[in-house]
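From first to last, the protein sequence lines stand for chains A and B.
As numbered in this note's numbering, residues 1 to 384 make up the first sequence, in order.
As numbered in this note's numbering, residues 1001 to 1340 make up the second sequence, in order.
Treat the hints with care, since some could be wrong.
DSSO-like cross-link-like pairs, simulated, lysine-lysine; straight-line CA separation at most 27 Å [unchecked claim]:
hint : chain 1 : residue 1 : chain 2 : residue 2
1    : B       : 1145      : A       : 288
2    : B       : 1337      : B       : 1002
3    : B       : 1099      : B       : 1113
4    : B       : 1337      : A       : 288
5    : A       : 165       : A       : 288
6    : B       : 1004      : B       : 1330
Keep in mind that the hints were calculated from the coordinates and are not lab data.
All of these numbers come straight from a predicted model, not from anything done at the bench.
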Amino acid sequence: MTAKALRQPAPLRILSNTFLAFWCLIAAFPIFWITVMSFKSPVDAFDSNPLNVIFGPATRADGSGWSVVDIVLGLAVVYFTARLSARHLPRLVERYSPKGWTVLGWIVAALLVGVGFVVVFFGALPVVTGVLNPLLGPLGRDVIGATTEHYQTVWVDRGFSNNFKNSLIVTAGVVTVSLTVGTLAGYGLARSGSTLAFWILIIALIFRSLPHSVLVAGYLPVFINSAEWLSPILGENAPTLYGKPAAVIAVLVAINQPFTIWMLRSFFSNIPADLDEAARVDGCSHFKAFRLVIMPVMWPGVITTGLFSFLLAYNDFLVTSLLLDASNQTMVPAIAGMFNRETTTTDQVVAVAAAVSITAPLFLLVMVFQRQIVSGLTAGAVKG
Amino acid sequence: MKFKTFAAFVGPSIFLMLLFIAFPLISVFWQSFNVTQPLYEQIEVENCTPGFLTQTCETEIQTRPMLDENGDIITRTDFVGLQSYRNVLEMERFWTAVKDWSWSGIQSIDFWKALRFTLMFTLVTLPLVVGFGLAIALVINNAAKMIRGPVIFLSLLPFIITPVIGALSINWLFRGDGILTALLEWWLARDLALFAQAWTIELMMMFYRVWHVAPFAAIIFYAGLQTVNQDSLESAVIDGANRWQRLRLIIVPHLMPLIIFVAMIHLMDTYRVFEEVVGFRSQGYVISLQWLTYDFLTPNEAGIRSISRASASAMLTMIGIAILLVPLLKRTWRDHKGTH
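With the hints as extra help, turn the sequences into a complete structure.
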């Protein structure tokens, strides 16, 4: 069979590629657009003329904008960050992280890149362009109106950095605990094959389908009164669980468990059982075999599952908004509070800037871990 | 593997699930039949206002919560049977509305309003997600190898974005004179107020949901397309099948298990629709079942959470989940039987 018979006629190819381009536009447009809006003054951001939103004449009139030099340098920084994290970062992490601690290496690397980017982009770049712009004449004149003042308002004045810290605590806690607990359970379930293991998986499937509001309705009264019913055990210092990040971490880990053990079980099933059987023949116990033979080869599956645990904890609104009080709120509920309160258009643009701030880490995540995310999605589906 | 070792491996996970999923379920079930309220007492208060020569005093009866010796409010829990369910369902109003053939009468009761939207939302988005997912997968598969990576990157963005933020970003495109509202107004040459009635908000919510989930379906179908048997495609060409017939008779049957998988996941997830209501701030017009429970759980103006009503509405929501789960469990059971 030649490829000629299967080749598609030109109209079909054009139609197909047009649809693809159209889809890419729809997929990226809302995110692109709110990013643009977040850099404009309120008048420009909510202008009904798209060109005004992009070029921001009112923002430029206020005296803040980017010149050609700014744009070129800014894009260069973004490009080199992307290139660094896509090309060199994986190799650097492999080389410098101690054996078996690759995950930790990744977290450190991600934090370093994130902090480095913020320092260079918001700290060093304005200084450099401040010197260059007056020297370069027409190239140094503002062409696009843009301002970072809304980001300043969000992160400094509105205390968003505090919410960011809380989000960081909750997500880090959820990912670590749920992977530790889930890896053990996933391995046990993959190697057992008993009827009991099957029923555990079935019950986990039922648990996965429960609406989270049902579970929270169960926690709330217990958590609010926890000081009372914990006092016989813990005495005077019995804590009120309501509003404690640790309690939220435990809840999110539990909600995440069914998904985690299904996913990790399917990854462990793909690791040949001969491997740990050989170790057992050599005299290892199950735990020693797990530690010495399975742990070195399990990281791809664990990283993929960890990504999805991260997403669940980071994206959660319902649980965190009901179980945490205002003083230790995470980012997503905090922004919901922000746009509910908004009255002026300035407040709205500030909320847009907060939304973009929440999305930026996810954007980087997809950039670095695209392959793992896709493999995670398809692994679940192919196994059923 | 011995049972003891198995228990040691699985134990922590089971313990967490029992403590934080199974136990709350039982507790919700119990709460839905009981009401916990602060005890109130009535006291006579004498208010005196200084006046000229004599002060005027009047006594009035006030109700206030009873306090114990530590100054905490005393509460009492009563068994109320199905009362909380009655409060949520409001069957009398429902039947009166049914007798009067008054659709708006039914829609004025929160629970039935939420049920109507949740079911409609679930059923309308399902074919759209499967259809768009399949279309996107086919065109990605059709595209040059070089651009597939970047296209998948762009496609993952709507899927990975925080649901509340995703709904908000669509919201901002339409709100007020947002860019897309302006475009629609220019195209239809009339003024639009998209946030002034329920059905336009519902359309935007459905648009958001399809935008959010179609990439997930597309990536799964795309993975499935890689394993289509090329030989059967070629024999179909020899037999004279055109493109449409090949798609309908070979590719879609090959993808059928994946389509069923995506459909089930989607049914379960859309039945729990919640973030859209928050992101579009639609609670004045459109609410969903899970949002109803959430609303009962948030403190009202007096700072009281109606826990028992929330529990009742949560239990009612679970009926739908149970119905959705039956086919999924049947399938898993069949697979299990097949492998052993």
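If any of the earlier hints don't hold here, list their numbers in rising order. As far as the earlier hints go, 1, 4, 5 and 6 are violated by this structure, in ascending order.
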